[in-house]
Amino acid sequence: GQNIDQPTEMTATEGAIVQINCTYQTSGFNGLFWYQQHAGEAPTFLSYNVLDGLEEKGRFSSFLSRSKGYSYLLLKELQMKDSASYLCAGDGGSQGNLIFGKGTKLSVKP
Amino acid sequence: DTAVSQTPKYLVTQMGNDKSIKCEQNLGHDTMYWYKQDSKKFLKIMFSYNNKELIINETVPNRFSPKSPDKAHLNLHINSLELGDSAVYFCASGHGTGYEQYFGPGTRLTVT
Chain A
19 GQNIDQPTEM TATEGAIVQI NCTYQTSGFN GLFWYQQHAG EAPTFLSYNV LDGLEEKGRF
79 SSFLSRSKGY SYLLLKELQM KDSASYLCAG DGGSQGNLIF GKGTKLSVKP
Chain B
42 DTAVSQTPKY LVTQMGNDKS IKCEQNLGHD TMYWYKQDSK KFLKIMFSYN NKELIINETV
102 PNRFSPKSPD KAHLNLHINS LELGDSAVYF CASGHGTGYE QYFGPGTRLT VT
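Line order of the protein sequences matches chains A and B. Start counting the first sequence at 19; every next residue gets the next number (the numbering used here). Start counting the second sequence at 42; every next residue gets the next number (the numbering used here).
Because the hints were derived from the structure by calculation, they are not lab data. One or more of the hints may lead you astray.
[As the list claims (entries may be wrong)] In silico BS3-like links for lysine-lysine, alpha-carbon gap of 25 angstroms or less: (1) 50(B) / 112(B); (2) 81(B) / 127(A); (3) 123(A) / 60(B); (4) 85(B) / 120(A); (5) 120(A) / 77(B); (6) 75(A) / 99(A); (7) 60(B) / 112(B); (8) 123(A) / 77(B); (9) 81(B) / 99(A); (10) 123(A) / 82(B); (11) 82(B) / 120(A); (12) 82(B) / 127(A); (13) 120(A) / 94(A); (14) 81(B) / 120(A); (15) 85(B) / 112(B); (16) 63(B) / 85(B); (17) 50(B) / 120(A); (18) 93(B) / 50(B); (19) 50(B) / 123(A); (20) 99(A) / 82(B); (21) 99(A) / 127(A); (22) 63(B) / 123(A).
Please work from the sequences and hints to get the whole structure.
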């Protein structure tokens, strides 16, 4: 199967750190993506992990453990503009079709 | 300098009609995709296509058909629209497996 699970909603405070978890049960994923989607807008790429470990990119970092079927997105120094949905997606198939989780809606409060 | 564009942005139509959504990318990508995002914001792959192969998600009704006049375009044609087809449809493009995908702005389809 290709189930991808992530929390539905999270709330955090401006300036804080938040970790959004994603677990998956799959065979055939090449790697794991994280996308950000603001309300009414298109998803935009944040990160891609194909190897185990942590990838850091500015305020955002993403971690993958293939053996555990687990990934997380870490957002540091939260800003109000980080309020959005964060989508975990597995990269599957010969053409790289994205298999998305249902997304985590993050609300950043002052 | 738009990367992935879709038209129309909004589409309101009645049940039973046939409609098309157009998608164009100017990124030189060789693979294009259509995704459907339902009212619960769940984003699901419908099709992927490069110049060699069309891959159809088995859950997509055959009323939906992608048409690619050339490498930069992948249009979505929908026959006999149903209420349940109401959703936001996103086109995307990329270089295939292991590469990020760039999404168009979405087309909000409402079937009445």
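- Task: Below or equal to 25 angstroms on CA atoms is what counts here, so check residue 50(B) against residue 112(B).
- Result: With a Cα-Cα distance of about 22 angstroms, the restraint between residue 50(B) and residue 112(B) holds, given a limit of 25 angstroms.
- Query: If you draw a straight line from the CA of residue 81(B) to the CA of residue 127(A), is it 25 angstroms or shorter?
  - Reply: holds (23 angstroms)
- Taking 25 angstroms as the top limit, are the C-alpha atoms of residue 82(B) and residue 120(A) close enough? holds (7 angstroms)
- Restraint status (C-alpha distance of residue 63(B) to residue 123(A) at most 25 angstroms): Measuring from Cα to Cα gives roughly 29 angstroms; hence the hint is violated.
- Query: Has the given pair, residue 123(A) with residue 77(B), been kept, meaning a C-alpha gap of at most 25 angstroms?
  - Reply: holds (18 angstroms)
- Item | Restraint status (C-alpha distance of residue 85(B) to residue 120(A) at most 25 angstroms) | Since the Cα atoms of residue 85(B) and residue 120(A) sit roughly 9 angstroms apart, the hinted pair holds (cutoff 25 angstroms).
- Task: Sort out whether residue 112(B) lies within 25 angstroms of residue 60(B), counting only the CA atoms.
- Result: holds (22 angstroms)
- 25 angstroms limit on alpha-carbon distance, applied to hinted pair residue 123(A) and residue 60(B): violated (32 angstroms)
- Query: Within a Cα-Cα threshold of 25 angstroms, do residue 93(B) and residue 50(B) meet the stated pairing?
  - Reply: With Cα atoms ~29 angstroms apart, residue 93(B) and residue 50(B) exceed 25 angstroms; violated.
- Query: Does the structure keep residue 120(A) and residue 77(B) at a Cα separation of 25 angstroms or less?
  - Reply: holds (12 angstroms)
- residue 50(B) and residue 120(A): Cα distance at most 25 angstroms? holds (23 angstroms)
- Item | Distance restraint between residue 99(A) and residue 127(A), which requires alpha-carbon spacing of 25 angstroms or less | Status holds; Cα separation ~10 angstroms.
Figure legend: structure checked against the earlier numbered hints; hints not met, in rising order: 3, 18, 22.
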